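J.: For the sequence shown, position 88 (counting from the first letter as 1) is numbered 88 according to my numbering, and the numbering increases by one without interruption.
Quick caveat, the hints were computed from the structure, so don't treat them as lab data.
Being a predicted model, the structure only gives us computed values, none of them experimental.
Don't take every hint at face value.
[Stated by the list, open to error] When the alpha-carbon atoms are kept at most 25 Å apart in a straight line, the in silico DMTMM-like pairs for lysine to aspartate or glutamate are as follows:
(1) Lys96 <-> Glu119
(2) Lys96 <-> Glu56
(3) Lys59 <-> Glu119
(4) Lys96 <-> Glu114
(5) Lys96 <-> Glu48
(6) Lys59 <-> Glu114
(7) Lys59 <-> Glu48
[Unchecked claim] Using C-beta positions, here's what the derived DEER-type ranges look like:
(8) Asn92 <-> Gln38: 49 to 57 Å
(9) Ala21 <-> Ser109: 31 to 39 Å
(10) Ser35 <-> Leu106: 18 to 26 Å
(11) Ser83 <-> Ser35: 31 to 39 Å
C-beta: ideal position from N, C-alpha, C; glycine also.
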Amino acid sequence: MKQSQQGFALIAAIVMIVVLAALAGVVASITGGQSASQQLERTTMMVEAAAQTGVEWGKYQRTVAGSCASASFPYTLTSISLSGIRILVTCNATNKISSTATFGVLASSPDFVERNITEP
């Protein structure tokens with residue numbers, strides 16, 4: 001009778017290792033998804049701040065020159081933490097300032113972010 005029970009602990013140990021490995025994979029997958037979401041949120045906040053900065057630049061141009069009807073300011077940020085954010089500030093004939101900041105390429109980037117702020 002004892003010979004038929006030999007090896008049962010080995011099978012139980014293998015099953016336990018497989019279950020724990022699967023659980024570790026699930027935890028790693030969930031954690032990775034949260035990290036990507038946090039990175040996208042951080043990028044969104046930086047792009048929004050860049051768009052607001054563009055509006056402030058337009059207001060400055062309007063104050064200094066008295067008008068910003070012909071001002072256009074395309075700029076790509078190159079510092080390490082802001083790399084890849086592009087800002088385009090335009091002013092129209094009525095001094096309306098529009099600032100568009102983008103990150104990524106619309107067609108090919110799943111983490112594309114764009115913010116547009118317009119102020120009179």
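J.: If a hint holds in the structure, say so; if it doesn't, say that too.
T.: Here is how each hint holds up against the structure:
1. Lys96 <-> Glu119: holds (6 Å)
2. Lys96 <-> Glu56: holds (12 Å)
3. Lys59 <-> Glu119: The hint holds at about 9 Å.
4. Lys96 <-> Glu114: holds (19 Å)
5. Lys96 <-> Glu48: Answer holds: Lys96 to Glu48 is near 19 Å, not above 25 Å.
6. Lys59 <-> Glu114: holds (21 Å)
7. Lys59 <-> Glu48: Holds - the C-alpha atoms of Glu48 and Lys59 are around 17 Å apart, at most 25 Å.
8. Asn92 <-> Gln38: 49 to 57 Å: violated (37 Å)
9. Ala21 <-> Ser109: 31 to 39 Å: holds (33 Å)
10. Ser35 <-> Leu106: 18 to 26 Å: holds (23 Å)
11. Ser83 <-> Ser35: 31 to 39 Å: violated (19 Å)
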